[in-house]
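Work out the full structure, taking the sequences as your base and the hints as a guide.
There are 2 protein chains.
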Amino acid sequence: MRNLLLILQYNGANYHGSQVQKNGYTICEAVQDALEKIIGSRVPITACSRTDTGVHAKMFCVNFRTEKPILPQKLKNAMNFHLPWDIRVSDCREADLSFHSRYDAVGKKYVYKIWNADYENPFLKDMALHYPWKIDEELLNRACQYYIGTHDFSAFCSAQSDIEDKVRTVTECSVTRNGDVVEFTVCGDGFLHNMVRIMVGTLLGVNEGKWTPEDIESIINSKDRSKAGVTAKACGLYLWEVFYK
Amino acid sequence: MRNLLLILQYNGANYHGSQVQKNGYTICEAVQDALEKIIGSRVPITACSRTDTGVHAKMFCVNFRTEKPILPQKLKNAMNFHLPWDIRVSDCREADLSFHSRYDAVGKKYVYKIWNADYENPFLKDMALHYPWKIDEELLNRACQYYIGTHDFSAFCSAQSDIEDKVRTVTECSVTRNGDVVEFTVCGDGFLHNMVRIMVGTLLGVNEGKWTPEDIESIINSKDRSKAGVTAKACGLYLWEVFYK
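Protein chains in written order, with our numbering: chain H, 1 to 245; chain F, 1001 to 1245.
Be aware that one or more of the hints could be misleading.
Restricting the straight-line Cα-Cα distance to at most 25 Å, the calculated cross-link-like pairs of lysine to aspartate or glutamate (DMTMM-like) are [as the list claims (entries may be wrong)]: (1) Lys74/H - Glu1120/F; (2) Lys125/H - Asp1052/F; (3) Lys37/H - Glu1120/F; (4) Lys58/H - Asp1086/F; (5) Lys74/H - Glu1208/F; (6) Lys1108/F - Glu1172/F; (7) Lys1134/F - Glu241/H; (8) Lys1125/F - Asp91/H; (9) Lys1134/F - Asp91/H; (10) Lys1109/F - Asp180/H; (11) Lys1113/F - Glu120/H; (12) Lys1113/F - Asp126/H; (13) Lys68/H - Asp1118/F; (14) Lys68/H - Asp96/H; (15) Lys1125/F - Asp1180/F; (16) Lys1058/F - Asp104/H; (17) Lys1113/F - Glu1094/F; (18) Lys108/H - Asp1180/F; (19) Lys245/H - Asp104/H; (20) Lys227/H - Glu137/H; (21) Lys134/H - Glu1241/F; (22) Lys1210/F - Glu1172/F; (23) Lys223/H - Asp165/H; (24) Lys1125/F - Glu137/H.
Among chain H residues calculated to face chain F with C-beta under 7 Å, some are [to be verified]: (25) Asp86; (26) Tyr119; (27) Glu120; (28) Pro122.
By construction, these hints were calculated from the structure, which means they are not laboratory data. Ideal Cβ positions, reconstructed from N, Cα and C, are used throughout, including at glycine.
The following block contains the structure:
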């Protein structure tokens, strides 16, 4: 038995998220469809994470078991032949039999991309949030400091989530500008449902003067979803990197 | 009478180039359609340049005359309401009555974008050339030096062109890499039909060992289109900036 690791990139605009579901076509279903054409049978796959409808990934790991002797480079090429254009395999490797894409992940990096101009960007359709009011990245970087550390992030978790332990550790958090593109980058050991998008929605509230950077601390301490900002649109969010030991 | 300048950005993937023609929908036709909805009548527009089917622009200038008292900022917003998503007005200004988008341009900058990995990029569909063989940017930068200067660029002009004077001055020319994205940048006083795309096709021939960097000099001197490389695909080309006095 072999355990094969596929590293994917995808533009999530046309998918109902990553996880297989009844109501729409998903990244994992497309991956299973392509694999089935190559392997000859439907194989279960294990994914590193879940991403929502419209969210993108620059690195998304899935692994699966097979007895087929196919070479990793051949599998990569065959997958890229059978997959839709908006899902690509950037790498394929033989993994230890014990490797698990989700349980072995020790951290993740997300990037949230914002097009910050008073007109939309014809090269970033569905790939960035269009936010026309000038972003003060120095102000937002001060706010970002309050996200760093180990906190109960209940205020930054979708109200629909039924997860119990909402304590997470954010190790890095910053806002950078390159011309009219502003990127919010966050690294941590794990993220709650909608956590990054609510962090961004709250930062944009700081930008609009609704809160001061210092208010982030009391919003976290409130553990109350209604005290934080809106959930920023999915189109700006990219799962950027998954860290393994 | 007023002379208004519109500065456009467009993703050219869905257009038959910039110039109005019978065989397909073009950038200038879309601009005239939107203007007509605002101004109330069809107005002739003057464009800085022509771009081919599938070519993009980060800056493309058009000007037109009108007696309507509409404010530039209002015209910009109205245009961005009526234009298709892949054409945007980034700026609109009142120009001198004598200003001419094409005749007053003293130079242009083009960027040709290449995705240099063995898998396609799901975020750059129709917005970069996919070139899977490793690009040696140091080698290509040596080749670029031979493009700089005032030359008869007949070897780098579409055979269909009926222009007579094929002498052009290239002031800057270089190749840069940012991860797996390689960009060829060229500035000059003017460009022949397909000139940038043939320059890129020839550089890729250098990358593949078909020619040495020094051979660029003799290809230019040949003034023979058949001696240069292929015309690289339109999707990688961006008119990046138009320079005025």
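Check: Of the hints given before, which are not true for this structure?
Finding: Violated hints (numbers, rising): 16, 17, 24; every other hint is consistent with the structure.
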